[in-house]
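Novice: Each chain is listed here by its residues.
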Amino acid sequence: MLGIRFDKVMPLLTGASLLSIWSLDYVNLQPNRILPGVGYSLQDAVGWWWMFIVTTLLISAFLLSFIRLPTKRLLQLLIVSLLLVFMPISLSSFASNHIPETLTHARTGLGAAFWVLLFLLVLMLIELQQKLKLSRLIICLISILPIISFLFAYLDGGLETLAILREYNARSDQFHQAVKVHITLVSGAVFTSMLLASCLVALMRKVEAAQKIIFPLLNFIQTIPSLALFGLLIAPLGYLASKSEWLQAMNVSGIGWAPAMIALIAYSLLPMVRNTFVALEEVSSSIIEAAKGMGMSPLQVFIQVRLPLAMPVILEGIRITTIQAIGLTAVAALIGAGGLGNFIFQGLGQAAMDMVLLGALPILLLALVADLLFTSAMALFGRQSTRSGVIN
Amino acid sequence: MTNNTMIELQQVSKLYEQTAAVDAIDLTINKGEFCVLVGTSGCGKSTTLRMINRLIPHSAGKILIEDQEINSFNEQTLRRRIGYAIQNTGLFPHWSVERNIGTVPRLLKWPEKRIQERVVELLELLNLPYSDFAHKYPSELSGGQAQRVGVARALAGDPDILLMDEPFGALDPITRESLQNELLRIQQQIHKTIVFVTHDMDEALKLANHIVVMDQGKIIQQASPYELLLNPATAFVSQLLGGEDRGLKQAGLMKVGEHMFAAKSSNINNMVFNSLGFDISATEQLASVKTHDSLRFALSVMLWHQCDMLKVEEEQQLVGYISLQQIMQARPHG
Ligand SMILES: Nc1ncnc2c1ncn2[C@@H]1O[C@H](COP(=O)(O)OP(=O)(O)O)[C@@H](O)[C@H]1O
Ligand SMILES: [Mg+2]
Numbered sequence: 001m002l003g004i005r006f007d008k009v010m011p012l013l014t015g016a017s018l019l020s021i022w023s024l025d026y027v028n029l030q031p032n033r034i035l036p037g038v039g040y041s042l043q044d045a046v047g048w049w050w051m052f053i054v055t056t057l058l059i060s061a062f063l064l065s066f067i068r069l070p071t072k073r074l075l076q077l078l079i080v081s082l083l084l085v086f087m088p089i090s091l092s093s094f095a096s097n098h099i100p101e102t103l104t105h106a107r108t109g110l111g112a113a114f115w116v117l118l119f120l121l122v123l124m125l126i127e128l129q130q131k132l133k134l135s136r137l138i139i140c141l142i143s144i145l146p147i148i149s150f151l152f153a154y155l156d157g158g159l160e161t162l163a164i165l166r167e168y169n170a171r172s173d174q175f176h177q178a179v180k181v182h183i184t185l186v187s188g189a190v191f192t193s194m195l196l197a198s199c200l201v202a203l204m205r206k207v208e209a210a211q212k213i214i215f216p217l218l219n220f221i222q223t224i225p226s227l228a229l230f231g232l233l234i235a236p237l238g239y240l241a242s243k244s245e246w247l248q249a250m251n252v253s254g255i256g257w258a259p260a261m262i263a264l265i266a267y268s269l270l271p272m273v274r275n276t277f278v279a280l281e282e283v284s285s286s287i288i289e290a291a292k293g294m295g296m297s298p299l300q301v302f303i304q305v306r307l308p309l310a311m312p313v314i315l316e317g318i319r320i321t322t323i324q325a326i327g328l329t330a331v332a333a334l335i336g337a338g339g340l341g342n343f344i345f346q347g348l349g350q351a352a353m354d355m356v357l358l359g360a361l362p363i364l365l366l367a368l369v370a371d372l373l374f375t376s377a378m379a380l381f382g383r384q385s386t387r388s389g390v391i392n
Numbered sequence: 001m002t003n004n005t006m007i008e009l010q011q012v013s014k015l016y017e018q019t020a021a022v023d024a025i026d027l028t029i030n031k032g033e034f035c036v037l038v039g040t041s042g043c044g045k046s047t048t049l050r051m052i053n054r055l056i057p058h059s060a061g062k063i064l065i066e067d068q069e070i071n072s073f074n075e076q077t078l079r080r081r082i083g084y085a086i087q088n089t090g091l092f093p094h095w096s097v098e099r100n101i102g103t104v105p106r107l108l109k110w111p112e113k114r115i116q117e118r119v120v121e122l123l124e125l126l127n128l129p130y131s132d133f134a135h136k137y138p139s140e141l142s143g144g145q146a147q148r149v150g151v152a153r154a155l156a157g158d159p160d161i162l163l164m165d166e167p168f169g170a171l172d173p174i175t176r177e178s179l180q181n182e183l184l185r186i187q188q189q190i191h192k193t194i195v196f197v198t199h200d201m202d203e204a205l206k207l208a209n210h211i212v213v214m215d216q217g218k219i220i221q222q223a224s225p226y227e228l229l230l231n232p233a234t235a236f237v238s239q240l241l242g243g244e245d246r247g248l249k250q251a252g253l254m255k256v257g258e259h260m261f262a263a264k265s266s267n268i269n270n271m272v273f274n275s276l277g278f279d280i281s282a283t284e285q286l287a288s289v290k291t292h293d294s295l296r297f298a299l300s301v302m303l304w305h306q307c308d309m310l311k312v313e314e315e316q317q318l319v320g321y322i323s324l325q326q327i328m329q330a331r332p333h334g
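In order, the protein sequences belong to chains A and B.
First residue of the first sequence? That's 1 in the working numbering, and the numbers climb one at a time after it.
First residue of the second sequence? That's 1 in the working numbering, and the numbers climb one at a time after it.
Isolated chain A, as found in the complex:
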């Protein structure tokens, strides 16, 4: 039939995936850290049988875009999930097929096809989420699947040789320390800015003039590049620390955790204050009037009505802030704050991509977990917020 309009995105993404696994290296194998590696295509890596299955799945997803089937997107979602689960397994399958026990220093690096496929699968996931109008919670749960399959493959010992894990094994103490510092910095910053934001919002709701000062100020801070803000704090903090024994005792100096924390809090304030303020202000005035008219005290109006109705948007603010802080903390490694950013910058310095990954992947994972936590919390309140549609 003429004139039918098909999806263009899914065929494009699945087509590109096929092209990449058929033309690019999926993994490469280094006998040790020094020697150059040898590339393997997906077929070489996992055998023709797996290659056949993956290709068939991708072709099916491709073809599904062109037929009229009410459930076609769900089927595509299923295929994407299967492929995501397959990816970690493919690595352990590669290791067991191609790495002899004798090569105790062999490392498996991830090739272009691996990254391209992963990237394209994530894009497909986003595309399908939008088309199917799925909640973010479901997508978060689907993204957990490959992580679970990764853990299984890891516990099974199949991923011993993965370069990133070799890096991890070489410095696991350092890694755990870095994760701890990263999480401490983020949660410290988010928690403190939550408290500060509550005070600022309370002030803004009491004194209207405060809005005119606080919003422009926070907006301005947000526009300073993070590196510049970290740098700007070095001199004044260093000066203060040199003057105060108390600060020295707290281990405060121009570099380290203190300037990082201050900058993180400064960046966190805008999304936190903005969402909290807007959420509280936008509760419908007729609902507030009814609450007062029933005889609720101002405190009761706030706690029983205004705050719960504002909660989904407030949580959204905390979610944005947390994810933003997880990323920014990586940059804070540059001024000696520690955290996972250390591996990224060290790795970049030594051109050791696996070490960069050792920093970057956990950061990604942290962001994902934070997203999942807040999305579930919001889903809990969201059930009510969907019910808060205006009644006429």
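If you're looking for bench data, these hints aren't it; they were derived computationally from the structure.
Everything numeric in this text was worked out from a predicted model, so none of it was measured.
The C-beta atom is built at its ideal place from N, Cα and C for all residues, glycine as well.
Hints may be right or wrong, so weigh each one.
What the hints assert, rightly or not - Among the chain A residues that face chain B by a calculated CB cut under 10 Å, a handful are: (1) Arg-33; (2) Ser-286; (3) Ile-288; (4) Glu-289; (5) Leu-365.
Based on these hints, arrange chain B with the ligands on the given structure of chain A.
Specialist: Just chain B with the ligands now, kept in the frame of chain A:
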């Protein structure tokens, strides 16, 4: 002031930066009265209403409830004694219908069991079956149902006074009419003192036994619906009443049952018919109305059937007749 007075406003004003939203009004509302404030939008009705429960503080004058100045009460205590329903219901979207209705009883610290019983009782009063509605959320209700819940919530603390600000303003005409009827039915059972705000004169005429017409912050006239129709004080009031439509509005306030002649034995009927110049044999074909229908409705039926005599029936039994002449001569006796 007699001890029959519930609410009294003495020279009450509300100023917003020199301009008076409400301008020195005097108003006495008796216990059990259904008082409707009516006027064009912006005339100060809502302001007047909301000064009574102190959502708006009055700038001058005195507001008394049962002889006590309202400022002598604790603000919250006062409001918990006064039911309040508004146009967009103001239902709490995060609470179920049951919890919404229980708001004031809970603020009054009633025991849970009594609150639950009260909710059951009110849902029944408003024709919302408990099992179907108690656990729904406001967004799952139609406009009419939501407004019923709003009324139930206003009544929940068993207040003596009920303030209602255009509660049916956002509803479609059919739903609005059925809620008006329901409110009248409920008021016959509970005898609250109701202060009701509307800009719709028909609604005012239908519900009120005390109409207060306002314009630009002042009270122009207050009277019973009949009096208002018979003697509008100013051109503005008669314009509000719909000018030439007044006759129809008045007919709308009178019931067929009060003005028909009752059917007696066929002999007497015959005599009456003869005196009216009617042929008794034609009565079988007459169109019929009910005793509770208004004269306005009867007139409409006559126009439709192009006749000047109707049967009045109740449960398919003939109870009387009404003629065009009777409608023309009818005067309210209320
Ligand atoms: N907060 C306010 N500030 C200034 N003017 C107000 C305020 N609230 C109401 N008004 C004015 O008071 C008048 C009466 O308002 P209102 O009582 O709401 O009228 P309505 O009869 O439509 O209910 C209107 O002219 C309105 O503009
Ligand atoms: Mg109004």
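Novice: A separate judgement is required for each hint: does it hold in the structure or not?
Specialist: Comparing the hints with the structure gives:
1. Arg-33: It is violated, given that the least Cβ distance between A:Arg-33 and chain B is near 58 Å, above 10 Å.
2. Ser-286: 5 Å, holds
3. Ile-288: 8 Å, holds
4. Glu-289: Status holds, d = 6 Å.
5. Leu-365: A:Leu-365 check fails; min Cβ-Cβ to chain B is 34 Å, beyond 10 Å.
Checked against the numbered hints listed earlier, the structure breaks hints 1 and 5; every other hint is satisfied.
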